[in-house]
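Participant: For reference, the chains in residue letters:
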Amino acid sequence: MKKLFLIGLKDLKLIFRDPAALVLMLAAPFALTLGLGFVTGQFGGSGSGIGNIPVVIVNQDSGQLGAALVEMFQSEQLSDLVTATQLDDPTEAFQQVDDDLVAAAILVPAGFTDSVLPPAGQSAPGRTIQLQVYANPTRPTSVGVIKTILEEFVNRLEVARVGGTVAITQLIESGLVPPQEAAALAVELGQQQADSLAESNAITLTSNVASEAAVNFNPLAYIAPGMALMFLMYTASNAGRTLLLERDHGTLPRLLISPTASAQVLGGKIFGVYLSGVAQMLILIIASTLLFQLQWGDPLGVLALVLAAVFGATGWGMVITALAKRPGQVAAVGSVIMLTFGILGGSFINLEVMPVWVQFASKITPNAWGLDGFSTLALGGGLNLLGRPILALIVMGLALFAVALVFFNRRGMAMK
Amino acid sequence: MKKILAITFRDLRVRFASFVEWLFFLILPIVFTLVLSGGTGAPADNRVRLVVVDQANTSLSTELITALENSESVRPDLLSLDDAEYQFDSRRVSAMLIIPQGFAREALESGTLTLELRQQPNSLNALVAQRSVQAVISRVGQAVAIARNSLAEAEALRPFETDAARQTYFDDALESAQTLLAEAPDRLTETQGDTPDQIEYDPRANSSAGQLITWVFIPLIGLSELFAYERQKGTLRRILTTPTRKGTYLFGTIFGQVLIALGQMTLLVLFGILVMNLNWGQDVFGLAIMLVAGALAAAALGTMLGTFVKTTGQANGLSIMLGMVMALMGGCWYPLELFPEAVRSMVKVLPTTWAMQGLLDLVLRGQPWTAILPEAGVLLGFAAVFFVIGILRFKYE
Amino acid sequence: MPTILEVKDLVKKYGDFTAVKGISFNIQEGEIFSLLGPNGAGKTTTISVLSTLYAATSGDATIAGHSVSKDPMAVRKVIGVVPQEIALYEDLTARENLNFWGQMYSLSGKALKDRVEEILEQIGLTDKARDKVKTYSGGMKRRVNIGVGLLHKPSLLFMDEPTVGIDPQSRRAILDSVKDLNRQGMTVLYTTHYMEEAAELSNRVGIIDHGELIALGTQKELTRQVGEMETLVLHVDEMQDVQRLAKAVEALEMVRHAEVSDHSVTAIVPEAEEALAPAVTKANELGIKIRSVDIREPNLEAVFLHLTGRALRD
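Chains as they are written, first to last, in the numbering used here: chain A, 252 to 667; chain B, 16 to 412; chain C, 366 to 679.
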């Protein structure tokens, strides 16, 4: 048992002296966490990455609604979210979208107000005139925000119009107001209600984002473990490379002719990978806690999860090792598995938005289970909620070790 | 020229000697493109599951649930409070809606009602659920609010004689409000920038272009590994003792890798066109310019890197890391709009940013080849700078 | 002197290929025994089986009374092995390597620490003990490689071609250290394809070729096998037809055997000086220019040539 530990410690020392390995073990997850942190606006100052969306408005409407729309976009409330400029020429505005200068161009065509609220003296609105959004296809999220704002605007118009119409119609029908006064009253009511109705909804929704930690959930708490888990797969597959390298360099035969059982040697190698993986995860966790003020959650839970996740990943590393023939091959296969597991396991995008088959396939990756557990922890959950992911990771590790053992037995370790 | 070809063919043979190379070459990019663009084929029910706890059991709550069922984005799933809370706490569902006791139409006429929605943090699905619930309740609620307002207007002029008359007045108002709201015309229309009408805008083009760049850049930056390998084995030294110029050698190596990359890009573009029905083919000339310029820039970067790294292990690690970071920061994974302003201008120093912009101009905006000349120019500039640094620093030991 | 190693009918096959074809020999305590043979003769395979790395296909060997096949663990404790390649962790320092390998031989605590310092002293690397092995010269690496094999004070040391590919100075140092070790009582099994090394070091030599032990004995006993023969070597210039010269020389009455290697003809003769004049005459007749001439006393090279009809080198 003691020799097993000694071999493991030796491997740990060796991997931390290999600059090439350190690049992928520690530098890469950090760099990518940083990059993704930018995407989610973690380092941008403002809370969200989206801000100051450039938009250009062409108002050809002479009525009040066009002006109201411009005013809304230039209001104090939206000043953080949108930077709106006005232009007269639609062609020029569209050109700005094509040149990727703005996220969208909004065209308020002439007669828009009249099409919503019929002018005095005219009973029914004429042809519907639509607001036009000319969207920049390379900025789908910004365009989505702009559209939401416009939809809200249109919704308020609609509520005001319908509110006014219903009130007037009923007042006239019940004889409370003479028809000749209706038109003037309608405009007045409409304007009154536009503000009050849309805001004082009859049913309100209180949204609770889960548990205490939720109030300012840090997306990095999802990104950082995702990246750490992805590059953990590199460390795991690297084990296979070191075993083959030891064989080629003659240190493996030398170990096997020292009074050390081959089970101890293999066990030691596995233990070495395991230790390296745990060390890598802990370094990343501690560093991101210090540098990004990232809260990983219950320390006991984090530790238990790290131990289980590395176990699962080591299982994969062993299978790769058992099957591989040349060190270079292991490195390449390792990279492929690392990246595939990374994307399947949700290290890049939230698994929830992925198709069902991806969610299903993700179950074979330690990444998905690990990430599941880390998210639970970041939300304030404790060890008690980690049963499923930890159990899954341990079962995965055991199953993979069994598979690897079968292959090792077939091939024999010292084989050249 | 003969020498360049000889170096090129040798590289081709060395590169495709192993099956693993094909994984990087084609299989991974395709898998990534498919996964990131949300898969192909129509999934059975793509709606987000929303756990609903109905504690009210009134006609209004039933109406709300029916409205949710008709929604295009959520699929309500009625559960008891305990079951719902268990599922939510173990993160198996992204949002749960609680309809409290007393959620009834009568209560709505006099006051406001409150629904509780619990969401998982940082979950797109939870956001989708929130929007859908909001939309549904505002439809249910707005009509009530309008009717209440109408009633108030009438009462302000003259109080009702009986409660029954008052109720009738309210019911009428509610009905006509619902009708009018339902009949409201669509007042918003959206056009996607400069895409010719016959081509539909497809957000998957984003991931197709982004993954193409990522997976062409990673192996091309990995060119540095080839240099490190040859240096370790001493073959580089040997080649340079033959009457072969540094430039010829470097160019031959780059030429071979760029050829491979062009083949790879062609296959990926064909995949985009044939399987994903993307608009890659709209300006073949422009596409060719962009692909060549992008590949040259990446290959020159790999060459330059090859003069810095010492071992193949380092080169391998660096090329994967640099490739991924540059792809991420260049907007190949997520649109650049998501980045803060400062970062967005900073990433202009990356070739991936320009490559992505050029490809999007072609495939998403449907612009002609003249529009991508600036991007192609910048990429060729990158290529020239990296190549010159590479030659200057080039050493064989 | 008691026998420490006893090899009996040892056979090792790799699939259809038989690398070792049933060899038997003994090694006495305190002697240096050399296995001499060309590359691919089966030396490394033999050592690998004896050091318990590979199982023998048939036959067995006992070391200090323990069977190699039945009790490999006991065998491993008494043997030390210096493999042909530098089997060290290049990213660890010399001291770290020695520490690690010492632990693999179950040394620990102060005993380990003292022994490591002792070995460092012995291989003359105390000053450089804190440098990573990868920064060492080839000769220094060889010394550490040997040091690791000595850590647990084995009673029998296997050295598998420890001088391959190093400079003459380092080679000299290694040969001297082998002799030193032997003087201190270490029994050594030494494999080499350098005739001079076997001649200089060993008490007894086994000549191995194509997996068979073709001769065994002290150097004297072996050379006697070829009789009191001497070796005459004629070096010729490049571009000369050595083959024709060899044929002509072999045709001479007093020449027992002649062999071509590189740009020379090696002839086995009872009296080299006697054969010299006729051989040179033959060369002149053929128009082949002789650059220089060597005359060698009876040696192992001659034995090998005599037994196999081939030169030892290559």
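I should point out that these hints are in silico values taken from the structure, not numbers from a laboratory.
Remember, it's a predicted structure, so these values are computed and weren't measured experimentally.
Watch out, some of these pointers could steer you wrong.
With a cut-off of at most 25 Å between alpha-carbon atoms, the simulated SDA-like pairs for lysine to any residue come out as follows [to be verified]:
1) Lys497(C) <-> Val68(B)
2) Lys386(C) <-> Glu650(C)
3) Lys325(B) <-> Leu457(C)
4) Lys442(C) <-> Gly380(C)
5) Lys17(B) <-> Ala180(B)
6) Lys398(A) <-> Ser366(A)
7) Lys386(C) <-> Asp425(C)
8) Lys576(A) <-> Arg253(B)
9) Lys435(C) <-> Lys576(A)
10) Lys614(A) <-> Arg28(B)
11) Lys497(C) <-> Ser520(C)
12) Lys497(C) <-> Lys576(A)
13) Lys264(A) <-> Thr458(C)
14) Lys378(C) <-> Asn660(A)
Derived Cβ-Cβ restraints for the label pairs, each shown as a range [unchecked claim]:
15) Pro270(A) <-> Gly504(C): 23 to 31 Å
16) Leu20(B) <-> Asp374(C): 52 to 60 Å
17) Ala197(B) <-> Lys398(A): 48 to 56 Å
18) Gly633(A) <-> Ala171(B): 51 to 59 Å
19) Phe658(A) <-> Met438(C): 49 to 57 Å
20) Leu289(B) <-> Ile451(C): 53 to 61 Å
21) Ile42(B) <-> Gly504(C): 42 to 50 Å
22) Arg173(B) <-> Glu322(A): 33 to 41 Å
All C-beta atoms in this analysis are idealised placements derived from N, C-alpha and C, irrespective of residue type, glycine included.
Participant: Hint by hint, say whether it matches the structure.
Facilitator: Results for each hint:
Of the supplied pair hints, the one linking Lys497(C) and Val68(B) is violated, its CA atoms being roughly 67 Å apart against a limit of 25 Å. Distance restraint check for Lys386(C) and Glu650(C): the Cα-Cα separation of roughly 46 Å exceeds the 25 Å cut-off, and the hinted pair is therefore not satisfied. For a cut-off of 25 Å, the pair hint linking Lys325(B) to Leu457(C) stands: about 19 Å separates their Cα positions. A C-alpha spacing of about 30 Å is found between Lys442(C) and Gly380(C), which places the hinted pair above 25 Å, so the restraint is violated.
Distance restraint check for Lys17(B) and Ala180(B): the Cα-Cα separation of roughly 99 Å exceeds the 25 Å cut-off, and the hinted pair is therefore not satisfied. Of the supplied pair hints, the one linking Lys398(A) and Ser366(A) holds, its CA atoms being roughly 20 Å apart against a limit of 25 Å. For the proposed pair Lys386(C) and Asp425(C), the alpha carbon gap of about 13 Å is at most 25 Å, so the pair holds. This hinted pair does not check out: Lys576(A) and Arg253(B) have alpha carbons roughly 29 Å apart, beyond 25 Å.
At roughly 30 Å between alpha-carbon atoms, Lys435(C) and Lys576(A) are farther apart than 25 Å, so this suggested pair is violated. For the proposed pair Lys614(A) and Arg28(B), the alpha carbon gap of about 37 Å is over 25 Å, so the pair is violated. For the given pair, Lys497(C) sits about 29 Å from Ser520(C) by alpha-carbon distance, which is inconsistent with the 25 Å threshold. The straight-line distance between the Cα atoms of Lys497(C) and Lys576(A) is roughly 28 Å, outside the 25 Å bound, and the hint therefore fails.
Annotation: proposed proximity of Lys264(A) to Thr458(C) holds, straight-line Cα distance about 11 Å (limit 25 Å). Restraint check for Lys378(C) and Asn660(A): the C-alpha separation of about 20 Å stays at or below 25 Å, so the hint holds. Range check, Pro270(A) to Gly504(C): Cβ separation about 27 Å, and the 23 to 31 Å hint holds. Distance hint check for Leu20(B) and Asp374(C): the Cβ-Cβ separation is about 59 Å, which falls inside the suggested range of 52 to 60 Å.
Taken as a hint, the range 48 to 56 Å is violated for the pair Ala197(B) and Lys398(A), whose Cβ atoms sit roughly 21 Å apart. Separated by about 57 Å at the C-beta atoms, Gly633(A) and Ala171(B) satisfy the suggested range of 51 to 59 Å. Hint check: Phe658(A) to Met438(C), Cβ distance near 25 Å, so the stated range 49 to 57 Å is violated. Look at Leu289(B) against Ile451(C): about 54 Å separates their beta carbons, and that is inside 53 to 61 Å.
Separated by about 48 Å at the C-beta atoms, Ile42(B) and Gly504(C) satisfy the suggested range of 42 to 50 Å. For the hinted restraint 33 to 41 Å between Arg173(B) and Glu322(A), the CB-CB distance of approximately 37 Å keeps it satisfied.
Taken one by one, the earlier hints fail for this structure at numbers 1, 2, 4, 5, 8, 9, 10, 11, 12, 17, 19, listed in ascending order.
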